[in-house]
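In the working numbering, the protein residues as written are -3 to 228.
Keep in mind that a hint or two might mislead.
Computed beta-carbon distance windows for the label pairs [claimed, not checked]:
#1 Ala222 <-> Ser152: 30 to 36 Å
#2 Tyr198 <-> Asn122: 27 to 33 Å
#3 Tyr198 <-> Asp220: 28 to 34 Å
#4 Asn122 <-> Glu90: 47 to 53 Å
#5 Arg69 <-> Ser152: 35 to 41 Å
Simulated from the structure, these hints should not be mistaken for laboratory data. Note that this is a predicted model, so its numbers are computed, not measured. Ideal Cβ placement from N, Cα and C applies to all residues, glycine included.
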Amino acid sequence: MKNPTSPQRKPKAKARVKAKAGAPKAGGETAAAKPGVMRTGAEPVRRGEARDALCAALIRVVARSGLDGVTYRSVAAEAGLSHGAASYHFATREEMIHEALVWASRHSIQVSRISVDGTLDNLGANLPELMAEYPEESMFSFELVLAAVRRPELASDVRASYYDFIDAVRNSLARLGFGDNLGLARVVFATIDGLSIQHLIYRDTRATEEGVRTLQQLLHLALDAARKEGSG
């Protein structure tokens, strides 16, 4: 039930790495020739795993130091990968930030309960738990939102991330009996997003739980009213 106005993410160009003079060819490749597959002080890591590790590392760097702290070197070091890993996997710093935002959005939707098939009381129910376990992801997202206000080149990626969340909520609400209601999905997501920001500031699990319960109660009332109107 994808929003037809949702922007389509364009694939980013991949970096091309030229083998250094004297570097062995396939079958005898060194860490210098393929830096993205070596973990510092550990066993080699596969390409997909390395990209995921770099995305997760970038999120931690931003949560700790802001966007200004993002460099190839800082992200690779945070991921525990060799120095050239970030530039091997991402052509530019901007591509690395873009991919980290896509990764964070996908992960948040997977682990949160904004996408549910069960009862209404499951919607957003694990928000306090997620804020305790993954605070860096929320800090990263909010950092990008603020940056996008000042830097229009980031706005399309942030909007695309928001569309992903809103679509997940929209589909959940449809399965729970609300029909296809984009406006309601926006309001529900805005509430959950706002509770996440407040949790980062207040660090009050009980208040966050109360906020989620209140949202669920309001949705119950709205659903009951819609059913009565439909039956009448």
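(request) Of all the hints given earlier, name the ones this structure violates by number, lowest first. (result) Violated hints (numbers, rising): 2, 4, 5; every other hint is consistent with the structure.
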